[in-house]
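**Q** One letter stands for each residue in the lines below.
There are 2 protein chains.
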Amino acid sequence: MDGKGFIEDGALTVKNGKIVFVGKSAATTNIEAETKINAKGKVAMPGLINCHTHVPMTLFRGIAEDQPLDTWLKETIWPLEAKLRPEDVYVGALLGCLEMIKSGTTCFADMYFHEDMVAKATEKSGLRGVLAEGIIEAGHKMLGKIMFHKSVSFAKRFHGYANDRVRTMLGPHAAYSCRPDLLKKITERASELNIGVHLHLAESNTMFREFEKKYGSSEVEFLDKIGFLKNHVLAAHCINLSREDMHILSKCSVNVVHVPVANMKLGLGAAKIKDLVDLGVNVGLGTDGPASNNSLDMFETMKIAALLQKITYQNPTVMPVYEVLEMATINGAKALGLEENVGSLEVGKKADIVLVDLSKPHLKPLHNIYASIVYSARGSDVDTVIVNGKILMENRQVKTLDEQTVMEEAEKTSLDLMCR
Amino acid sequence: MDGKGFIEDGALTVKNGKIVFVGKSAATTNIEAETKINAKGKVAMPGLINCHTHVPMTLFRGIAEDQPLDTWLKETIWPLEAKLRPEDVYVGALLGCLEMIKSGTTCFADMYFHEDMVAKATEKSGLRGVLAEGIIEAGHKMLGKIMFHKSVSFAKRFHGYANDRVRTMLGPHAAYSCRPDLLKKITERASELNIGVHLHLAESNTMFREFEKKYGSSEVEFLDKIGFLKNHVLAAHCINLSREDMHILSKCSVNVVHVPVANMKLGLGAAKIKDLVDLGVNVGLGTDGPASNNSLDMFETMKIAALLQKITYQNPTVMPVYEVLEMATINGAKALGLEENVGSLEVGKKADIVLVDLSKPHLKPLHNIYASIVYSARGSDVDTVIVNGKILMENRQVKTLDEQTVMEEAEKTSLDLMCR
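Protein chains in written order, with numbering that gives the first Met the number 0: chain A, 0 to 419; chain B, 0 to 419.
Derived by calculation from the structure, the hints in this document are not laboratory data. Treat the hints with care, as some may be off.
Identical copies go unnamed one by one, so any copy, or any two together, can satisfy a pair.
30 Å max Cα-Cα, derived DSBU-like pairs, lysine-lysine [said to hold, decoys possible]:
1) K398 / K39
2) K144 / K73
3) K183 / K398
4) K183 / K212
Here the structure is a predicted model, which is why all the values come from computation and not from measurement.
Next comes chain A alone, as it looks inside the complex (with noise of 0.2 Å):
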């Protein structure tokens, strides 16, 4: 993802955590390395950047299927998530990370509560993340208060964190559960700790319009106005924009996290990514938490991601699978301010490296690696995993996890968090 295309018969070397060579094989046959891997019939790619999600929600897993989002979060989830205590979501943050190495995802952006066990888990599985303590205030001015002063000092925290394998955010829900006040807080507050913002954009066409009755413009407007685009923003969802709104997400270079199978289980519309992209805005891709998808996936977001753009515009050469992949590499290392790390194999970054094993009859014949990738391959075909040149996962066996243990402390927390 370099731009410099596809090596065949390509070899990769590795020094403390970073990639010190990239190209042909035959350059390395006298190079004497510690560990050696032979990835023969598979193909080296820069590990996945899921942009949006909420781990700890494996928890809630097919918990409430098939309802609007109102009852799903009003009858459902919000009553769990009273329940959660730190040590729940430690459990389901820690499934959560297998599920990602499983999958072949290396860095992920998650938004959550008690997100100090979010870093835990992540500090425990090896994994890259870019954490934030969510700030709701939904009309309880107090809670606002609370949860900014929260939110601010996990950020402060955590930064750098687990050999700087942890970065952080502020994370305010969204513009129509924080008030005005609120937002330039954290605007402030953001901009003097120089870190982002995570927050969800235009998601709902409901609140879409609540927030217009109330304030008089739509979301990005006011956003913009406040001077909150002002931060380097990490936007979910954008569903719901005019034009005037996405000349403001490209205007103030929002990145816009695109969000398909969560917006299409929720039955909340389609994201006009291509549209976003033809204005300049990087785009990265998301699965949203485990609850609304309900997989953390990213090659099958990959895949939904290009066939619902495509439907979209009824035009089938949208989103074409190297822009897929781009999406979910290195305009997703963009979205996190990461990209001088992290998002492709070149000289000088992080090794964040995942093999998939191509030798699958649905991967079978090759034609096109970009195509394999993104259209036939699962987040099972994945069989080593890497970061900052660890290995987390080789032959399908995690290293940093015991998956038996992790699935049975979620399956028992899940049960008694029903039961509480």
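Given the coordinates of chain A, work out where chain B should sit on it, guided by the hints.
**A** Okay, now just chain B, sitting in the frame of chain A:
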């Protein structure tokens, strides 16, 4: 899928290829059996039924991507198909069968050329197939005549083939690509032979408008007028339908196949499946050929079918998980005229069973087995596949085909085709 719900700690017994017991495992402890399979941690479900595909097109997987339907067909697919020999079709079909076994499909409806080769691949793989030799006239009357005779002769010769695992239909490509008199002849012959017809219907907007201009009615109205819909009809796509068309499909008990992935990938549009279901139309699911999908994974198709309907109606309650599963199993069986034999795990039916391994991080915790299967499972979670009581795959090891050889032959053939 017999309407009696999910059995916890259940067991099945099979004799002479048929299911003879379904119930609690406790009731089977004293049964002596030649082969016992311990399915602890797995779920047994009816094998998935793929109602519309062209399996030999595995050879063209990924060969020309992100192109308009017209360009894709005229510049790549048709020139390659013109070079196809029967032995190529066999090799491609074997790869398709292997892929289907590995992703839990036990029965498929296929339409292609040299379909006898698909029948032979079906025989060898152990799968069940409802096969049709395609008939396409496309302005060449003589060609239509020859293909019609080939299709009839194939249907007669292979109906009941391979221990009745193969059934046949006639395969008129589409209303717009066969002339009225040919369609009438097909209708008559299908009725005489008491077999169904498998065709593409209302797939593209452009062709819809061209057809209406030429014949003064929609494809559906036209087919109804000439008596074509009196047959058992398996109609793939059904995207561009008027309200009147939908009523005709319902009145004539036409079986519709929803093909969400290929329809999205080619930017053609979304079939209004909820409207059809509300009118009582039987709907199955299909992947389409692997060149326009690019996968034969019916788990993926189930998920994307649900997602596409929800976003099309902007309503998350549309196509709930159980309905999707019905489409992929019992309704698919009805669509192929096989509901007496397969589609559910019931005493007296053929033992077409798959075991899905639930001990995976992305399937934990287990709150809702139906949601797990539709929204979280992948084809690669299928552990065991049984057709007609015979084990085709166990512990992901395919027993009827040599995986390596099938893949190598397909790679070689497809390379040879390019150079021919």
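**Q** Does each hint fit the structure? Answer for all of them.
**A** Here is what the structure says about each hint:
Taking CA atoms no more than 30 Å apart as the test, K398 paired with K39 passes in both settings, with 21 Å inside one copy and 25 Å between copies. Taking the shortest Cα distances, K144 and K73 sit within 30 Å of each other inside one copy (22 Å), while across copies they are farther apart (63 Å). When the C-alpha separation of K183 and K398 is checked against a cutoff of 30 Å, the pair qualifies neither within a copy, at 44 Å, nor between copies, at 64 Å. Within a single copy, K183 and K212 get their C-alpha atoms as close as 21 Å, which meets the 30 Å cut-off; across copies the closest is 60 Å, which misses it.
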